[in-house]
Amino acid sequence: MSFWRRRRREADLEEEVRSHLEMAARESVERGETAKKAEQAARREFGNVELVKETARDARGWRWMEDIVEDARYGLRRMRKSPGFTAIAVLTLALGIGANTAIFSLVNGILLVSLPYPNPERLVSVTGTYPKGAFVAMREQMRTMDVGAYAEGHEFNLTGLEEPVRLTGTLVSAQLFSILGARPELGRTFYPGEDVPGQDNLVILSHALWAEKFGGNPSILGQSIELEGKSRQVVGVMPAEFRFPSPKTQVWLPLHNDPRNTILYWADDFMPVLGRLRPGSTMEQARTELRMFQSHVGALFPWPMPAAWNADASVVPLQNGMVADVRTRLLLLLGAVALVLMIACSNVANLTLSRAATREKEIGIRSALGAGRMRITRQLLTESVLQAILGGSLGLLFAKEGLALLKLVLPPDTPRLADVQMDWRVLAFTGGLAILTGLIFGFAPALHSSRAALTGALKSGSRGTTGRVSQRLRGSLAIAQVAFAMMLVIAAGLLIRSFWTLSHVDPGFRSEHVLSARVAPNQSFCGGAARCLTFYRNLLDQVRTSPAVAGTALVNTLPLGGRVAKRSLDVENYAPAAGQDLSPLFWLHVVTPDYFRVMGVPLLSGRTFVDADVSGEPVAIVTAATARRFWPNQNAVGKHIHLLDDKSWRTIVGVIADVRAYDLQRNIPSWMSGTAYVPYNSSATLEDRRMPSEMTIVIRSTSDEAQTTAMLREAVASLSHEVPVSEVKTMGAVVSDSVSTPRSTTILFAAFAGLALTLGIIGIYGVLSFLVSNRTQEIGIRMALGAQRRDVLRSVMGEGAKLSLAGIGLGMAGALALMRVLSGELYGVAATDPLTFCSVAILVAIVAMTACYVPARRAMKVDPMVALRYE
Amino acid sequence: MGEKTVGEKRERYQNRIEILQGTLDLLILQTLQWGPQHGYGISVAIRNRSGELLQVDTGSLYPALHRLEKQKWIKAEWRISENKQRAKFYQLTAAGKKQLTRERSKWSQLSDAIAGVLQPEE
Chain A
1 MSFWRRRRRE
11 ADLEEEVRSH
21 LEMAARESVE
31 RGETAKKAEQ
41 AARREFGNVE
51 LVKETARDAR
61 GWRWMEDIVE
71 DARYGLRRMR
81 KSPGFTAIAV
91 LTLALGIGAN
101 TAIFSLVNGI
111 LLVSLPYPNP
121 ERLVSVTGTY
131 PKGAFVAMRE
141 QMRTMDVGAY
151 AEGHEFNLTG
161 LEEPVRLTGT
171 LVSAQLFSIL
181 GARPELGRTF
191 YPGEDVPGQD
201 NLVILSHALW
211 AEKFGGNPSI
221 LGQSIELEGK
231 SRQVVGVMPA
241 EFRFPSPKTQ
251 VWLPLHNDPR
261 NTILYWADDF
271 MPVLGRLRPG
281 STMEQARTEL
291 RMFQSHVGAL
301 FPWPMPAAWN
311 ADASVVPLQN
321 GMVADVRTRL
331 LLLLGAVALV
341 LMIACSNVAN
351 LTLSRAATRE
361 KEIGIRSALG
371 AGRMRITRQL
381 LTESVLQAIL
391 GGSLGLLFAK
401 EGLALLKLVL
411 PPDTPRLADV
421 QMDWRVLAFT
431 GGLAILTGLI
441 FGFAPALHSS
451 RAALTGALKS
461 GSRGTTGRVS
471 QRLRGSLAIA
481 QVAFAMMLVI
491 AAGLLIRSFW
501 TLSHVDPGFR
511 SEHVLSARVA
521 PNQSFCGGAA
531 RCLTFYRNLL
541 DQVRTSPAVA
551 GTALVNTLPL
561 GGRVAKRSLD
571 VENYAPAAGQ
581 DLSPLFWLHV
591 VTPDYFRVMG
601 VPLLSGRTFV
611 DADVSGEPVA
621 IVTAATARRF
631 WPNQNAVGKH
641 IHLLDDKSWR
651 TIVGVIADVR
661 AYDLQRNIPS
671 WMSGTAYVPY
681 NSSATLEDRR
691 MPSEMTIVIR
701 STSDEAQTTA
711 MLREAVASLS
721 HEVPVSEVKT
731 MGAVVSDSVS
741 TPRSTTILFA
751 AFAGLALTLG
761 IIGIYGVLSF
771 LVSNRTQEIG
781 IRMALGAQRR
791 DVLRSVMGEG
801 AKLSLAGIGL
811 GMAGALALMR
821 VLSGELYGVA
831 ATDPLTFCSV
841 AILVAIVAMT
851 ACYVPARRAM
861 KVDPMVALRY
871 E
Chain B
1 MGEKTVGEKR
11 ERYQNRIEIL
21 QGTLDLLILQ
31 TLQWGPQHGY
41 GISVAIRNRS
51 GELLQVDTGS
61 LYPALHRLEK
71 QKWIKAEWRI
81 SENKQRAKFY
91 QLTAAGKKQL
101 TRERSKWSQL
111 SDAIAGVLQP
121 EE
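Line by line, the protein sequences give chains A and B.
In terms of the numbering used here, the first sequence opens at residue 1 and continues consecutively.
In terms of the numbering used here, the second sequence opens at residue 1 and continues consecutively.
Isolated chain B (complex conformation):
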């Protein structure tokens, strides 16, 4: 039954992606708005900008990057990093910029709605 366990584990990972998906995509797109960045850089940027609050799970980050690339919202390119290291840099495409706008407005609607629900009744 070895295959099954692997399968189930994979299932768990995917579930986490499901939960984070919308948000993570938004965070990645937002991060790339400031310029091309590699996977590690993106995770560091999100961590730093959220005041170390948001830990991006690498197990979600790379699949998300590849998915976004497949959607043609970002494009990837091998470059030499500031530390003279080869790394794959991701960059926002025109379609990605539009998507970012959409995601942002969706997010603000959502957070408004949730805030509205959570507001103590008067």
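Next up, chain A with everything else stripped away, as it sits in the complex:
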């Protein structure tokens, strides 16, 4: 009942009583008494006004509310009286609730909170990616939605400031901003039609870039800035909260939709497409329309497209589309912390139970005085909930810290991570969780104690039936704790093993003492290939002569560096299976001759590049897996490949070991067929038929990172003031960054498992300690009758072993049933890996038995004389 309604009723009742008194008084006056006497008489007759009101309130049914307040007051008083118990219980709950709140904040911020755009439910994502040409066709044909496309991860040199800066930008179709409904902080977004050649010399800045490089000066609007040697007019600045598609984006440029450039238009960027449903259209209609579009878009391409291309394209809510990758991982984490909370609950339930034993008398007295079983149960539950609410409040503080920590541990490219914060939904979740937690862990003890009250706790020293029931309940709780902890430790064990395997994968190169950095002149600077090549040759010469440098080379895409370079090519004697591309898509590494030596990539057969290859006969090198795939049981050396539109076929001169270039698990992404290396010269072109102009330099050096970096910057600056040096990283850091996602999952699971195991062990320890102190008398009698200390130890340890083994067994069964959900996160280890299961079982058993040993020793040391006098 709401507070206000209650207040109104109270006033109502008051007035009713007053009117009664007045009527009674008036009647007395009419009978001839003085007004004052009459009133007094009426009041006397009425009785205690407050009591009448109180009983009337009871009849109304708001008694329960006062009871709760009373119970809470009583509970608080009891908690103050036993600060130790309260502290442990509240802390345990705070850990459990705090961990849950922190992870829920992530789930909330990433999966639940709707996108920060108007009518986000109308925003959709088209699964599949499209080149500019296909996108433009879609934009013209779709009737159910307005679509926009974006290409993330482009880089631009910003020059004209003190020193050149490398910016990360996103190319967007002109309507993308208006489809999202995003408003600029300053100026405007792009108008329709501004993504075609001649109209597209525009740029929009991010708030951060504007503040950092342009002093937050609004006069930047309308001015031009130099990007890649081309001047572009600044038309707008986006607000800081606009982080589409990711916080990395510093500038937005219009797409350059130029149908005359067939390759760029149809083959270069395959872009994600999003859309806004038009009024009256449904997602289902959009799906149907997309399927129709998909059935004929292939024919628009200037070359045959494989039937499988985007065959399963569909339309999904944009929010799902953006966070699809992290969803499973987040839900896994939520599951893990839920288990931790369960353990915390059973732990506190156990604590409460052992305290209930000491409260049996108090409860007995209360029930003898007429408190019903319901009433006692409710009072005990109120206490539990009160503890949980305290735990929840403390947990909220933990969660705040934990969330900050989580943001550090999680990979920075986690979508929407920057938006995550603790909002009202998180608070509601925590509040609800605290109350639920209190009810869950309070329920069994409360029910149990109230029953105990009925079975005559007043009989002093009754340790009979209730003791045994309580012991059984406590035992089951301890078993549950061990089982839950076991499951989490197994999960953590699997992830650790998987991560260990992953970090011991041979990447195919030697990362020690190698520094890498992106050195990228403007595209316009590299307009003439010769100029570009000269710049790089001079750079290599200069770096090579520097002391401590053992070797240096250039590559267009660094392994594990997060970039791929596509190239369609013809393979000699290759007969593609039906439906497969005639010219398979390769990952083309463009390198200078020393590359393999600097990176320590082993040569398997043939030779590596030599300086003469740069200007000599066209050559190429392939990896072992590529050689196996295209020339099984043959020597690939001497075979030929042909980059489409290249002048001549290239001879394969060598086969190198596989390099984990895409990630540590895969050499190439699944949509590519092979890997080839070609020497860096003007005929080494990528899918856009252009020679790569942005290269990464790798330097093998014995001097430290800082020195090498300074040397490199100096060398670049001496050659050009317009070329920025960015992404300076040791190869070790590149490798380590490439596993940041599995690492963060592993760290979090390990932390939760550690927490779970600690709580679980405390649980077993608590149960046994209680058992021993409860059985002191019995043990004393046994020893007086001739039992050996060894027997006592064995008996207590046996009790502990029974609980632990039951928990371990149940935990293993549970893990077997559940670990399948983890398989997506595992590498090189099965979700039911027997080795992990067994070693975790042994580990948990050892830890549990150690925890049992402490109370068992205490039991062994029982002095029979003391024990018999006990009580």
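Honestly, the hints are just simulated from the structure, not real lab data.
Beta carbons are placed, not taken as given, at the ideal position from N, Cα and C, and that holds for glycine.
Each statement offered as a hint is correct.
From the structure, some residues in chain B lie toward chain A, with a derived Cβ separation under 7 angstroms:
{"no.": "1", "residue": "G39"}
{"no.": "2", "residue": "A87"}
{"no.": "3", "residue": "K88"}
For lysine-lysine, the following DSSO-like pairs were computed, each having C-alpha atoms within a straight-line distance of at most 27 angstroms:
{"no.": "4", "chain 1": "A", "residue 1": "K213", "chain 2": "A", "residue 2": "K230"}
{"no.": "5", "chain 1": "A", "residue 1": "K802", "chain 2": "A", "residue 2": "K861"}
{"no.": "6", "chain 1": "A", "residue 1": "K36", "chain 2": "B", "residue 2": "K84"}
{"no.": "7", "chain 1": "B", "residue 1": "K84", "chain 2": "A", "residue 2": "K37"}
{"no.": "8", "chain 1": "B", "residue 1": "K97", "chain 2": "B", "residue 2": "K70"}
{"no.": "9", "chain 1": "B", "residue 1": "K70", "chain 2": "B", "residue 2": "K106"}
With chain A held as given, fit chain B onto it using these hints.
Chain B in isolation, oriented as in the chain A frame:
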């Protein structure tokens, strides 16, 4: 121990309600059968109709009225009394009329039974 005493007193009141409950409910419902009436009016009516024999304890009357209202056997409304005074008038609902019939037959059974027990043996 201040709370305890209040609690106990409250307990006593409730016991009295327990004893009177069935009868008092019947009396209230019966009184309201003649038309809407406020709490004071009900107590006066019961007193008068019982020949001043039955004194309705106000401490029982109001809780009983609120309980009956909660059961939806009567409904309440603020009106101006014949003495131009604001008072809460209670009125019998349809459910209340049925309840009255039930209570009456229960009461006559009870009083017959008690009369039967009390009748001197022949």
